[in-house]
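Use the sequences and the hints to build the structure in full.
Protein sequence lines, in the order shown, are assigned to chains Z and S. Reading the first sequence from the start, the letters are residues 79 to 253 in my numbering. Reading the second sequence from the start, the letters are residues 434 to 731 in my numbering.
Just so you know, the hints here were simulated from the structure itself, not pulled from any lab data. Any given hint might turn out to be false.
Here chain Z is said to cover these stretches of chain S; the calculated rule only asks that three of the stretch's residues, wherever they fall, bring their Cβ under 8 Å from a Cβ of chain Z [unchecked claim]:
#1 549-561
#2 578-586
#3 592-599
#4 667-674
A few chain S positions that, by computed beta-carbon distances, are all more than 12 Å from chain Z [to be verified]:
#5 Ala442
#6 Asp445
#7 Arg454
#8 Ser455
#9 Ser457
#10 Ala470
#11 Ala492
#12 Arg505
#13 His509
#14 Glu525
#15 Arg532
#16 Lys641
#17 Ser648
#18 Ala684
#19 Thr693
Residues of chain Z clear of chain S, computed beta-carbon distances all greater than 10 Å [as the list claims (entries may be wrong)]:
#20 Ile82
#21 Phe110
#22 Met115
#23 Asp118
#24 Asp126
#25 Asp183
#26 Leu188
#27 Ser193
#28 Asp214
#29 Leu220
#30 His246
Built from N, CA and C at the ideal position, the CB exists for glycine as well.
Below are the chains, spelled out letter by letter.
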Amino acid sequence: MTRIDLKDVLSRTVNTVYGDLVTRRTGEAVRFGIEAMLQDADETTVIDFGTVRLMDMSCADEIIGKLLLRQGTGRYFLLVGVHAAHEDALQPVLERHRLAVVAQDRTGALKLLGSLPEEARRAFGVLADSGPALPDEVAARLALPADQARHALETLCEHRVVRETGGHYQALQCA
Amino acid sequence: MTRVVEVPAQFDDRTFDHFARSYSADGGGRVLFDAHATQWASPFGLVGLLTAGQAIAEAGDERPLLTLPQDRDVAHYWGRTGFLHHAEQYFEIHGKSPRAAARGDSDVLLEITPVREADDVHGVVGHIQDRAATILTHELGLEATATMGFGMALSEACQNIVEHAGTGGWVAVQTYTWRRKLRRRVVIIAVSDAGVGFRRSLEATQAKRFGDRWSDAAALEAALIQGVSRFRDPGRGQGLAGIRRYLNRWAGKLAVRSGTARMAMVPSWDDDVPLADQLPFFPGTQVLMIVPAHAEAT
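See the structure below:
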């Protein structure tokens, strides 16, 4: 996994004086910085919000919204250090673009941000709580027909918030 | 010939239309902004007055006159807010200007500050964030999460100037006890620019859709309710919606005036109207945000 600290990228790409992720121009510069780092990055990238005090929606749209739109089909992104105010900025951006991403807090708990159908959210909850699972196991936990559970898991995979390996589905998370 | 524009005795968002009517009245000649009888002006009033001066300057008209409040305390307050410092570039000032005011007044969270480019937004947000956190949590009794949302709302409101106005604008943030309605402490953000306004900003992409209904009010509706932006980028147009959500969560008020219309998100403690149309014209856009103290904090 490649780890990217947003504050470091802000310092490097914009300047060392700014402490907040505000304005589209700043967001665009930070995204360009991240995209440059992705050229040598692993398939999964962890973006660390832990040192970011404030992020507005314009910046969230430029950094995370556009990053997922441009890079999200070939890569996995996991957000860490996301607090409630970050979520307030991220959630509408993700919904607007019909995107989703996994946020992991300091305790390791996983949270799905963005726009996904209810069944997919519930299926993600099972994987986040219990770890990797087969579709039949998820179906049993949610009292869903097997094909519906499989469809929910495939939806999660399409949004790259879950990976499938050898028939098991696993929520994206820090190693 | 001089045309007199009266600055109301109590100059705030409630009396702003009276000021705008006087400002937009027909008649040529040099403009005199007469504030000699003004007893009080809110941040919204003061950034609006600067906007009036800026609009005249940018139109290339003769430099207007401004008579300062006779009341020394009022004039001193105008100095403390930073108004007089900026007014010098737009007005020929008459009346006794107070000496340079002491900085760091506890009620003035952010002096009147020009916003022209993205760097100014960083400056505003960075300057205010720590003090805003103290005021919002300790004086207004709001949860800590209110602080970050406050910065976001402030940032998005200022960015509207940078992204859409086509000229510079002003922002001011102040806290005071609002005795008139709430009898609570409030934080007020006032943002104003002398730019093109919502109607002209959205005209190219939205006027056809609205047809005969196209107006300042329709443009405000498109931007505030429908989240429409002049940019084709689907990520655009979220800033005002974010401001609305933030203020709604904390029982705050949002009012946006542009051209001849004003749209407001009216909380239960206020009796403003949601939409006022066919108002006297005033240049650019004026945004008012009010965050009240939690009921148990005051």
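Verification of the supplied hints:
{"no.": "1", "hint": "549-561", "result": "holds (count 5)"}
{"no.": "2", "hint": "578-586", "result": "holds (count 6)"}
{"no.": "3", "hint": "592-599", "result": "holds (count 3)"}
{"no.": "4", "hint": "667-674", "result": "holds (count 6)"}
{"no.": "5", "hint": "Ala442", "result": "37 Å, holds"}
{"no.": "6", "hint": "Asp445", "result": "27 Å, holds"}
{"no.": "7", "hint": "Arg454", "result": "35 Å, holds"}
{"no.": "8", "hint": "Ser455", "result": "36 Å, holds"}
{"no.": "9", "hint": "Ser457", "result": "32 Å, holds"}
{"no.": "10", "hint": "Ala470", "result": "40 Å, holds"}
{"no.": "11", "hint": "Ala492", "result": "29 Å, holds"}
{"no.": "12", "hint": "Arg505", "result": "39 Å, holds"}
{"no.": "13", "hint": "His509", "result": "33 Å, holds"}
{"no.": "14", "hint": "Glu525", "result": "35 Å, holds"}
{"no.": "15", "hint": "Arg532", "result": "32 Å, holds"}
{"no.": "16", "hint": "Lys641", "result": "24 Å, holds"}
{"no.": "17", "hint": "Ser648", "result": "27 Å, holds"}
{"no.": "18", "hint": "Ala684", "result": "17 Å, holds"}
{"no.": "19", "hint": "Thr693", "result": "28 Å, holds"}
{"no.": "20", "hint": "Ile82", "result": "21 Å, holds"}
{"no.": "21", "hint": "Phe110", "result": "15 Å, holds"}
{"no.": "22", "hint": "Met115", "result": "22 Å, holds"}
{"no.": "23", "hint": "Asp118", "result": "27 Å, holds"}
{"no.": "24", "hint": "Asp126", "result": "17 Å, holds"}
{"no.": "25", "hint": "Asp183", "result": "15 Å, holds"}
{"no.": "26", "hint": "Leu188", "result": "21 Å, holds"}
{"no.": "27", "hint": "Ser193", "result": "13 Å, holds"}
{"no.": "28", "hint": "Asp214", "result": "38 Å, holds"}
{"no.": "29", "hint": "Leu220", "result": "31 Å, holds"}
{"no.": "30", "hint": "His246", "result": "35 Å, holds"}
Hint compliance for this structure: no hint is broken.
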